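Student: Turn these sequences into a full structure, and let the hints guide you.
From first to last, the protein sequence lines are chains A and B. Note that the numbering used here has the first sequence beginning at 1, numbered continuously upward. Note that the numbering used here has the second sequence beginning at 188, numbered continuously upward.
Treat the hints as calculated values from the structure; they're not laboratory data. Any given hint could turn out to be false.
Which stretches of chain B does chain A cover? Using the computed rule of at least three CB atoms under 8 Å from a CB of chain A, they are [as the list claims (entries may be wrong)]:
1) 272-281
2) 1072-1086
3) 1104-1116
For lysine to aspartate or glutamate, the following DMTMM-like pairs were computed, each having C-alpha atoms within a straight-line distance of at most 20 Å [unchecked claim]:
4) K943/B - E180/A
5) K928/B - E459/B
6) K269/B - E180/A
7) K37/A - D260/B
Pulled a few chain B residues facing chain A out of the computed Cβ check, cut under 10 Å [unchecked claim]:
8) I264
9) T1030
10) S1033
Please read all numbers here as calculations on a predicted model, not as lab measurements. In this text, a Cβ means the ideal position worked out from N, Cα and C, and glycines have one as well.
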Amino acid sequence: MHPFDRAFRLILPVGAVAVLVTVLAVGWFTEPDQLLKGYEPAQPIPFSHKLHAGTMKVPCLYCHVGATRSRIAGVPSVETCMNCHRVTKTDSPAIIQLTRIYESGRPLLWKRIHDLPDYVYFDHRPHVHAGIACQTCHGEVQTMDVVYQHMSMRMGNCLGCHRDPHAALPEHSPVKRGPENCYACHR
Amino acid sequence: MRAHLKRGMPRHWRSLEERTPTPELRAEGWNEFAPGAAEPMAPPADVLSRRRFLGLVGATAALAATAACSKVDRGFIVPYTKRPVEVVPGVANYYASTFQEGRRAYSVLVKTREGRPIHITGNDEHPAFKGKTSPRAMADIMRLYDPDRLRGPRIDGRAASWSEADRLLVEALRSAKATGKGVLLLTGAVLSPTRRTLIADMKSALPGLEHAAWEPAAGDAELSAARASFGGPAVVKTKVGQAKVILSLGADFLGGDDPESVGAFAAWRRPERPGEPMNRLWALEGAMTLTGAKADRRVPVKPSQAAPLAFALARALNELGVPLPAGVQASALAPGDFHGTPLSAEEWGALLSDLRAARGEALVVCGASMPPEAHVAAHLLNAMVGGTLAQARPAEPLASLRDLDGVVRRMASGGYETVIFWGVNPVYAFPDADRLAAAIERAPLKVWMGVIEDETSARCRIVLPEHHWLEAWGDYDDGDGVVSLQQPTVGPLYDTRQGEEVILGWLKGLGAVPSTDYHAYIQARWRKEVYPQGSPVSFERYFEAALHDGLVRTESGIPAALAFNGAAVEAARGPSSAASEQGFELLLAPGYAVYDGRYANIGWLQELPDPVTKNTWGNPLSLSVADAEALGLRDGDVVKIEAGKAAMEVPILVQPGQAEGVLVLALGYGRSAGSVATGIGVNAFQLRDAESSSPNLRAGVHLTKTGGRRDLPITQAHHRMEGRDIVRSYTLAEYAREAAKGRSEGDLVTLYDPQKFPEHKWGMVIDQSACVGCSGCVIACQSENNIAVVGAEQVVRGREMQWIRIDRYYEGDPRRPRTVHQPMLCQQCDDAPCENVCPVNATNHSPDGLNQMVYNRCVGTRYCGNNCPYKVRRFNFFEYTAFKKDPEALAYNPEVTVRPRGVMEKCTFCIQRIEDARMRARDENRPLRDGEIVTACQAACPADAIVFGDLKDPQSRVSLLSKSGRGYKVLAELGVRPAITYLANLTNPTAGEEQA
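Tutor: Here it is in structure tokens:
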């Protein structure tokens, strides 16, 4: 076989396929939704939303108090946990660890799951006041033992809902659309 | 004036080049861009080759692709362990506190986020300041976060512990007490009654203690004149708001550090309709000050001429039947009138008749740098025509420069065992630094206490870091019936202590006080002296309410006014201390931004353009137009200035309106400590005469040209008028004519579809008649919107970043110009020219009328900045924020993006404040109220010249004001339809001038 023949019959097609597969694979794995959705880090205290929000039916706003008062919903202070855990399950190893942190006054470092870029100024208040359920964006947290990111939370998600919010809103809501101008979120 | 228009010259002009006759200078002046504006920075020496760059890009891409295959760690969320009840993350808290500068105490509100102060405004509970404060008070937040701050005590240059420092000091003080040797405590002015009590306690525990309160920039003449005129140390409280006629003798009461006077003055300057009264401001001054710029009649007068002129005025008024105060003989007043002064007969007559007609409602104010005779003359005039508008009240004595000179002599002769410098920097501000340094060497123990190491701390053995005022307790009595409180708004950032607590520690060591808790010490004094005895409210509740409001009113605490002592006139008649036949008169005034040098390490203030010269980063020597012509000097020429034995080289700046034969130099520059302050400008304190009674004024000063040149970082000459009537100014008569005609400009025909504003249309009104140009808005905006400081080199190239600037226009003869100020910021045009040219739609229009700038979309083509007729867009040529050192970033407002390199930015009408107010209104299920949204510039404006609101609401304040007869849009002829309406400047000239 002439050396050129081998090049044309074998190396070129195989090479072309290899390049295509690489490009597609890199594209697939680096697709933003892939990177954002499903992020599920281990937390320093194995807190279960399934138990607290699902089984015990503790309302979201009991702990995430900021959602109605501030832009930021916030993670509860350790003291909030201690409201119950001073008397509840005090013998569980996780609660012993929690109590120790509380008494030492050291901060408790939770792993951040939902993170918007610094130039995005999302405000929880209008969304909560419009009656949009937390689950719309954060997923069925009450069923998650370990919380993961349910929605990629990119601008497309925001605008999709702002343009047609009916599915997310309660029935008979007076809200027709959300703002779509830049300054609504960016400043 | 007409002639200028005919020659194609602008009626208003911004800099001397615009009027200069030589063609090449003219061409340079008319070049739109400053030299270097279009050039990139010089490439670094180890420049990256193209090949290597491509190689690196390839490697980076490959690595990034690999790294991107795993989910990125997003860091931590750290909640409070125990959340303080008043803190909701994301919601700002405000605390009332007090800031002291020299003899002024500003009651302020400190905005904190998650426990860290981020913004300072005035306290609206304060009866005089009414929610306003000075630009320097607002900028002092940067000192809290200054990376140069001391982080722990130092002894002999090494880090030490507080206990070691305390032990050394208590031992030294014990031995001083036993041997009776002198101990010197040098501080700034003491306005705090509790601090005063503490120093008194210290004196009784240490009989050898000598306390001197010294303010380097005070000028001393005011104090000696007050002592002569009122029989003791006194300050004169003026009521600018009640004065029909104000005569300023070189005073700058409209400078931003007196928000009370600015507010009271501005209230007179905005008649709602023609015919309403307006005050009249006369200014006789050597320098060009903001007060002179705002004056209805301004005459350049040398400082040495002011006193004879004022005495002549008193004499002439007396001849017209105004009685002299008791104890003053008419014969004591030297004969003389306007002859030989720059005043014309018409001006003299008009001033006399104004003062006479406004008897009881006229006010004469004299500048701190003026000679003592001028102050006595002002007191005399006030006693004749001032009624109760100027009241002298007893005040705490201050040490003058002469007194300090005596202290230094005693120090040099070994008179002190221990010297303690507390919050003062005499090594920098004493005229003969070497003599002082040698004197300090003679003291066995030298102690310095302050926030940032300075020239004095470098000479001291024990260096004690003090809390910044935002970390400390305190109280202040302004002598006007208001006692204000200072409270910590943040925990101490470093191993520092409150100065008072350090002293309490020493006193405890001497066995004089039981505890070192200054908070308890303040409360103990308040319980005894401030708390009304027999009040039904408990003391704890009373003190808490005072902390909440930041102040209490104690009307009974106002001391009675002191009477004018006629004998002072006879004493002041001697030869003028400033008069000299030879050489220039040099006026030294505190730097507008850096004051006496204490703020020189704050980048915001270094870059704040001086409101008159528009110079940043340094102190050029101002020279009058006539003198510059005579000496053949122009802006940037370096001269050698000689005063007595002192000499230094300094660039000059030609200042229209400055009196002939007068030089002006700002104090507070030329520091040799502090990473920002070092090497900026020259130290003008060295030109002072330590033995003079008015050290801020020096006669017999000589100039020689050196032939050197320096680029001045001036922000003004980059923006051109191009002959258009951008700023309008009416006399009262013209205003009446214009108002009768009605607004003429209709909307221009446009090809664009009209913009629709479904809910709101944000707009602003700026009253140029009220604006005095103090630049408080510039600093407030810088603090609110995380605006970067770019440095002198960038300012020279026209790359300053401030979103709001104060344009200053001159009109008429450069020797005696009229001046107007115009705050210029993004006009939020309906048909914005910037929006059309953006290739990536990073700037576009919001449904409430804002011209949105989206940083994350901007690719930095700068087309928008190029197309903006107002030149208000600012570009990040470099990563200006990359040089921030810990903990500077804590001062950022978390509600505003920090812009990276390559991004355009501009005023957003404080969108974060708009959104916050909207969300609050929505939470409370109500519409937005008019006046609920206050932009940072509006909140800071002491003149209330800025009004923001909804133009769609016909009853809103901004709608009503925008229909005023004085209203106009800048560059309306372009048809861009700006959202800001300017109200024309108004002047109240005398009848003679109106005809001229």
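Student: Does the closest beta carbon of chain A sit nearer than 10 Å to the beta carbon of S1033/B?
Tutor: 4 Å, holds
Student: Verify the proposed pairing of K943/B with E180/A, using a straight-line Cα cut of 20 Å.
Tutor: 15 Å, holds
Student: Checking hints one by one. Is I264/B an interface residue toward chain A, by the C-beta closer than 10 Å rule?
Tutor: At about 5 Å, which falls below the 10 Å cut-off, the nearest Cβ of chain A leaves the hint on I264/B intact, so it holds.
Student: Against the 20 Å threshold, does the CA-CA distance of K37/A and D260/B hold or violate the hint?
Tutor: With a Cα-Cα distance of about 13 Å, the restraint between K37/A and D260/B holds, given a limit of 20 Å.
Student: May I ask you to test the interface hint for T1030/B with respect to chain A, counting a Cβ-Cβ separation under 10 Å as satisfied?
Tutor: 9 Å, holds
Student: For the segment 1104-1116 of chain B, do at least 3 residues have a Cβ located nearer than 8 Å to some Cβ of chain A?
Tutor: holds (count 3)
Student: The segment 272-281 of chain B covered by chain A? Criterion: 3 or more residues, Cβ-Cβ distance below 8 Å.
Tutor: With 4 residues closer than 8 Å to chain A, the segment 272-281 of chain B meets the three-residue bar; holds.
Student: Is the straight-line distance between the alpha-carbon of K928/B and that of E459/B 20 Å or less?
Tutor: The given pair, whose Cα atoms are some 16 Å apart, holds under the 20 Å limit.
Student: Holds or violated: K269/B and E180/A, Cα atoms, limit 20 Å.
Tutor: 38 Å, violated
Student: Would you say the segment 1072-1086 of chain B counts as covered by chain A, given the rule of at least 3 residues with C-beta under 8 Å?
Tutor: Holds, because 4 residues of the segment 1072-1086 of chain B bring their Cβ atoms closer than 8 Å to Cβ atoms of chain A.
The structure is inconsistent with hint 6 alone, although it conforms to all the rest.
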